[in-house]
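Engineer: Chains as they are written, first to last, in numbering that gives the first Met the number 0: chain A, 0 to 626; chain B, 0 to 336.
It is possible that some hints are incorrect.
Stated by the list, open to error - Under 8 Å between C-beta atoms, here's a sample of chain A residues computed to sit facing chain B:
id : residue
1  : LEU10
2  : LEU13
3  : ALA84
4  : LYS122
5  : GLY125
6  : GLY236
7  : THR237
8  : SER240
9  : VAL252
10 : HIS282
11 : ALA305
12 : GLY312
13 : LEU323
14 : GLU326
15 : ARG473
16 : ILE474
What the hints assert, rightly or not - Taking lysine to any residue pairs in the SDA-like style, the calculated list, with each CA pair at most 25 Å apart, reads:
id : chain 1 : residue 1 : chain 2 : residue 2
17 : A       : LYS281    : B       : THR144
18 : A       : LYS574    : A       : SER601
19 : A       : LYS452    : B       : GLU44
20 : A       : LYS281    : B       : HIS109
21 : A       : LYS200    : A       : LEU233
22 : B       : LYS219    : B       : SER330
23 : A       : LYS281    : B       : PRO321
24 : A       : LYS398    : A       : LEU352
25 : A       : LYS283    : B       : PRO86
26 : B       : LYS9      : A       : GLY484
27 : A       : LYS281    : B       : GLY322
28 : A       : LYS123    : A       : TRP178
As the list claims (entries may be wrong) - Restraint ranges, calculated between C-beta atoms of paired labels, are given here:
id : chain 1 : residue 1 : chain 2 : residue 2 : range
29 : A       : ASN198    : B       : GLU326    : 25 to 35 Å
30 : A       : ARG194    : B       : GLY230    : 30 to 40 Å
31 : A       : ILE486    : B       : LYS219    : 31 to 41 Å
32 : A       : GLU185    : B       : GLU326    : 49 to 59 Å
Don't read these hints as lab results, they were simulated from the structure. Every residue, glycine too, gets a C-beta built ideally from N, C-alpha and C.
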Amino acid sequence: MTETAQPARPLQRLDHVVIRFAGDSGDGMQLTGDRFTSASALFGNDLATLPDFPAEIRAPAGTVHGVSAFQVHISDHDIHTPGDAANVLVAMNPAALRSELHLVEPGGTILVNVDTFDERNLKKAGYSSNPLEDGTLAGYTVYEVPMTSMTVEAVADLGVKPRDADRSKNFFALGLLSWMYSRPLEPTRRWVEARFGRNEKVLAANQAALQAGWNFGETAELFEHRFEVAPATLEPGTYTSVTGNTALAWGLVAASQLADMPLFLGSYPITPASDILHELSKHKRFGVRTFQAEDEIAGIGAALGAAYGGHLGVTTTSGPGLSLKAETLGLAVSLELPLLVVDIQRGGPSTGLPTKTEAADLLQALYGRHGEAPLPVVAAYSPSHCFFAAIEAARIALKYRTPVILLSDGYLANGAEPWRLPDVADLPDIRTTFATEPNHLAEDGTAEFWPYKRDPDTLARDWAIPGTPGLMHRIGGIEKQDGRGDISYEPANHERMVHLRAAKIAGIADDIPPVTVDGDDDADLLVLGWGSTWGSISAAVERVRARGRRIARAHLVHLSPFPANLGEVLGRYRKVLVPEMNLGQLTRLVRAEFLVDAEVVSKVQGVPFTAGELERRFLAALDELEA
Amino acid sequence: MSDAPTTTRKDWASDQEVRWCPGCGDYSILAAVQLLLPELGVRPENTVFLSGIGCAARFPYYMNTYGLHSIHGRAPAIATGLAMARPDLDVWVVTGDGDGLSIGGNHLIHALRRNVNITILLFNNQIYGLTKGQFSPTSEIGKVTKSTPFGSLDAPFNPLSVAIGAEATFVARTHDMDRKHMMETFRRAHEHRGAAFVEVYQNCNVFNDGAFGAITAKDKRSEMLIDLRHGEPIRFGPEGERGVVLDAQGHARVVDVADVGADALLVHDEQRAEPSLAFALSRLSRGPFEPTPIGVFRAVERPEYGASVSAQLAAAQDQHGPGDLAELLRSGATWEV
């Protein structure tokens, strides 16, 4: 460094970088991360994100409990995870540094808002001495940036009160990071204008703070170089950045269009599913009816009522809500009506970790009902796949007249990735038909409608909706006589109906794609996954193969029924590992179903697997096999 | 619907054998509904009866309409979805005191406050019948039942007070011994746009026989039933010698007309927007052992929920045109590769 600052620093190219923004819940870290992500997406990077925030809206300021973080991984090549360890941590206060430091790679870069490192905040964070001075950060590259005071100064002329000025400091951080990583400011400026346009002072303050952050990077002599992460070479097309919940909501709108049936969402707010309700509430132009019910039970009840009336009925929830809906799901199984139940899984049991991810509702989805009540279960594997999974779940529900559970999780729900938009014309036709004529001739020649007369191929029952003349009929939760649908307590009939309902669901296996295997044909080790572990497994498998080791992987979208070839595929390998964010639910299922030696790789820490963790487990398993 | 082909009672009765206990009050309610519907000019295919669990909940099986016998307490929630999705249908909910006020109490009050266009008939027999005789949320304190051999300790709900408390827009009471009164009350309930709530005193001759006999027996009615008529002073008794006044505290009280003079009597106003009057009338009788009002307590206009939902959709489509999926997918920031 020389005495005279260079207006432009040398540019260092990186193939990827993982940045973690952390601060108080009120510091706007989710927004900052989200904007950085958006600018990176528009710049053409591949990316993956992991929002990580507490359940409390505003836990006591300055405490470790209140720390909210957002990790983003940007890359010039195809990536699958939000990154293992952060290369860069932006810590807006001591608490953020304390709670997040262990997530930074050794020798990583740390930017702190040094203004907050006073005695009071250090104490609140549980530090007895200042980590900036006591050697805690030895080995890291630390930049002490007075973000608060620089922001206050930047907005001083705008007539903004100091307290309000303080609230713009996240934009200062965003401006600085944008400079450091050569992100264009323009998209952020436009966004700030659209978001705060109505409040002139706040708009001006945020814009000023953003620019001040950029200028600070440019003029302060702290930084030796800027970095650049070049655009990734992705498949040509139009891209957008989506979170899983947005993609899922759009998938439901798409399903409604593709089925030519109005969409009805009955839902009760629950983290991390509520954003689907929020998103769908906007889309009235698509004829979407959203109903915020009095409770989870009413949410699914209303959805079932709408489905009975011929709408595409959907309810959205998370684990505890799914438990409450169990009885109504039993009714839907008995009524044989199409219904979608979306479960955005979170850490459980009970309230558990409401804002953290887990995938421990698989067995609840499959078996969490009274009686023999089989139903199809579909699981999304990436944020953008939530769109297609919603359409697939709707297709099965409508074709087979059955409730379907669609599983996603907190990680997919809030995580974002670039998505190459599909051509709407390529999406499947999932229309179904309602009965309009009698379907049975009684012995005396009278034409009748039998609500439980089935299609011989799919075993789906004939479905007449209210308003159809001449086909009036009664259905309910009491066991029905096969075909005719009247109440029947006859023992043999009940057994026949139990078997028919099971056979109908089992038969769907012939109507879903076979499971495909990626990787080495002659591998001994198969990694079987489901749900959001897809990204981490993909990255880990790539690393293992890059080391020249042989490994194969398969990922399940359909958990009930399983693809028809799954047993055959599993039987080909000496060893099957199943990474799961639970204690081994799929593992248990495949062991029971196929008598294979499947072993779980379990993680239940409220955060996804890192690629590194899985890589180590896969390598260890390979070593064992080769020993 | 006056141009719809006329129907008869036969068109509304299903081919199912009615399986209530012989002598059950439900039979007369079923008859009243089946006799009324042909008079309303409505069609069986556009009519849906929904129910939960309990003796009353078997009602849909006996109607030749669309019918859904669901699960305990949830019928108002299911009906809410159906009525929102299909405003073209006549949606009836048949429930009981246990189904509607115990396990399903939450759904009932929310359907009422939202003013969903459904007609709710709550058969109140003050007992659990289908589970063979436990006390219900409308059973009187001290009730000796299988689950309360030492007498029930639970203070009962007054179904009308609950409905009025939830600001239901239509609240009425009738009883199973008077077909004409039932038909008239159900007719009014059906005409009402929004949620209509009708409590039907219904005798369970097996587990709670005669619960309402002190007021509904033919020879008791004139002195024990107070027939509410909109715009008329509230009087009853064989010679109209008794009446109802509102006292200084706003409580409704039964008086002898001779004591207060006819001009002092309360004039019934079912259309009063503020629910206090209807509530006061619902509190007049502490139970079916003293003079009890029947008829329409409250019938006010408020926007119907499903229609409001549909109006929001229509307004969005009028303003911006129907939704376009490809456009939706491009509604965020996009970039080309």
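Engineer: Work down the list of hints and note, for each, if the structure agrees.
Structural biologist: Results of checking the hints against the structure:
no. : hint                            : result
1   : LEU10                           : violated, 22 Å
2   : LEU13                           : violated, 20 Å
3   : ALA84                           : violated, 29 Å
4   : LYS122                          : violated, 42 Å
5   : GLY125                          : violated, 40 Å
6   : GLY236                          : holds, 6 Å
7   : THR237                          : holds, 5 Å
8   : SER240                          : holds, 7 Å
9   : VAL252                          : holds, 6 Å
10  : HIS282                          : holds, 6 Å
11  : ALA305                          : holds, 4 Å
12  : GLY312                          : holds, 7 Å
13  : LEU323                          : violated, 11 Å
14  : GLU326                          : holds, 6 Å
15  : ARG473                          : holds, 4 Å
16  : ILE474                          : holds, 6 Å
17  : A:LYS281 / B:THR144             : violated, 52 Å
18  : A:LYS574 / A:SER601             : holds, 16 Å
19  : A:LYS452 / B:GLU44              : holds, 20 Å
20  : A:LYS281 / B:HIS109             : holds, 23 Å
21  : A:LYS200 / A:LEU233             : violated, 40 Å
22  : B:LYS219 / B:SER330             : violated, 70 Å
23  : A:LYS281 / B:PRO321             : holds, 13 Å
24  : A:LYS398 / A:LEU352             : violated, 36 Å
25  : A:LYS283 / B:PRO86              : holds, 17 Å
26  : B:LYS9 / A:GLY484               : holds, 21 Å
27  : A:LYS281 / B:GLY322             : holds, 11 Å
28  : A:LYS123 / A:TRP178             : violated, 31 Å
29  : A:ASN198 / B:GLU326: 25 to 35 Å : holds, 29 Å
30  : A:ARG194 / B:GLY230: 30 to 40 Å : violated, 56 Å
31  : A:ILE486 / B:LYS219: 31 to 41 Å : holds, 38 Å
32  : A:GLU185 / B:GLU326: 49 to 59 Å : violated, 24 Å
Checked against the numbered hints listed earlier, the structure breaks hints 1, 2, 3, 4, 5, 13, 17, 21, 22, 24, 28, 30, 32; every other hint is satisfied.
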